[in-house]
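Colleague: Once you've looked at the hints, dock chain B against the given chain A.
Order-wise, the sequence lines are chains A and B.
Going by my numbering, the letters in the first sequence line up with residues 4 to 299, in that order.
Going by my numbering, the letters in the second sequence line up with residues 4 to 299, in that order.
It is worth saying that the hints were derived from the structure and are not from the lab.
Note that the list lumps identical chains together, so a pair holds whenever it fits in one copy or between two copies.
List time: in silico SDA-like cross-link candidates among lysine to any residue, alpha-carbon distance up to 20 Å:
#1 102 x 226
#2 180 x 241
#3 118 x 173
#4 230 x 105
#5 97 x 224
#6 230 x 289
#7 97 x 219
Protein chains: 2
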Amino acid sequence: MSAPERPPGGASAKPSGGATKTLGLIAGGGELPRAVAQAARAEGREVFVVALVGSVTEDWVQDFPHKFLTPGEPGRIVKALKGAGARDVLLAGKVDRPKFSEMKLDAKGILLLPKAVAAAKKGDDALLRFIVGICEDEGFRAISVAEAAPALVADEGALGRIAPQEEHFADILQAFKIVHALGALDVGQAAAVCEGLALAVEAAEGTDAMLARIPGLRESLRGTAAKKRGVLVKALKPTQDAKTDMPVVGVQTVRNAAAAFLAGIALEAGAALILDKAAVAAEADRLGLFVTGIKQ
Amino acid sequence: MSAPERPPGGASAKPSGGATKTLGLIAGGGELPRAVAQAARAEGREVFVVALVGSVTEDWVQDFPHKFLTPGEPGRIVKALKGAGARDVLLAGKVDRPKFSEMKLDAKGILLLPKAVAAAKKGDDALLRFIVGICEDEGFRAISVAEAAPALVADEGALGRIAPQEEHFADILQAFKIVHALGALDVGQAAAVCEGLALAVEAAEGTDAMLARIPGLRESLRGTAAKKRGVLVKALKPTQDAKTDMPVVGVQTVRNAAAAFLAGIALEAGAALILDKAAVAAEADRLGLFVTGIKQ
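Just chain A, with the same shape it has in the complex:
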């Protein structure tokens, strides 16, 4: 080790609490929260995880100091984050629209329940913003994934060796238009377009299920195993802020896009996340797809 200012203690030594802010990660489901926690730790941060009951099913939280709580326990969430010395908080991952009637509530949760129910009715994003808002009211600083884990953010340009061709740009543009129009109504954040035709548009089913139905369309409308056609675009909803729900692409997304006979994936550079860039690039190269970041 050649960093003389760091305290002794080998590879696991971390700067003390004063030097690096502890990240309070409120974790929902999916692969994103783990990727964020690991990337933030790799940047030298301490990470404390509030694992949302009913959303986190993975056991990765065992690798971090953590506490399981429901979205109906904002008082306990705030207390746990303060107890861990966190000042920055970040909510990452999918949060199922909760059934408040079946949920464990704390005193603050009961107090805020009418607002929470109203927020949940406006869509999943509204609920996420509501939970983050409670933390901000308590003096926490809500930060974005981009700030906590900059290594995950999509850059401009092709990620692997394959770049989109001229024939793909009109479809990329049209898919961005569709996602932005849908996003303004809090519908979804993905669309697939092939030669001007919207093959599929994401709502509550999610991107994977959306891609899975494309091979069921008439062959004249879509690509085939022999000839890949069309593009997948994932983009931030205009109603979302980057703190809560940036679109995410991982190795499985690349595999699903290939299985849907698409030619590639386009993301908004700076406003989308790639869970493991090296692995995604390798899989895209192997399957013959492009994965590219477009500056908006």
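Modeller: What follows is chain B alone, placed relative to chain A:
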């Protein structure tokens, strides 16, 4: 028979060509063209059908004077319609985006091919408008389904005995917003919304396939067999004109909406078609759904 001014000849007698304009029906796939042809005949019109090869698979056209032609034979389409004495034309039904390279073309088709290919790339609607446009250039009058078969048009208010409740109106409004936003981009004409959440949005898969995936969503998001929740809205795309592709609801749509655990179906009054109002009303009553026309 008590109409002394009609010529003798029993029930099959029709006014002569001069008194009633012959309808030239360019027929695509699905149930709509047959319903239009039968409703127009019931109104006392002669009907001549141009059955589009590759789109019409039903044998109902045998009941009418008809000719099978491809969308690549506009010259022959025009000639057939003129030969039948039609002055009003109407294109009804789904037209698959054609593979021009595999299609039978006439001289006019070859001449117009570049424009047709460009129109097809802009979406199915653009192709339909293109075909109708050729007929208009030849002096035909393009009429709407509403004019040819007014009995099919959705009226304002509940069709059966069940009306939407207050809890449904916010979802109906949101679903109309989504369909209008999507329609402006030529994506689809249907959406299902449940308590503010977009359950599913139609693209190339069509309304039936869209409804079929709703039961696969998490139960907390949608209705159940015990409690129906959410609404289906079908509405005209702002890019469509009512002459080519009004949204259509039939008995099967009601059954599919019920199987998706939706509480009902809302249509734009005056701008949607119901294939058999009595049968749709009976099925909606039987399954406990509303089917309603909303004035926009």
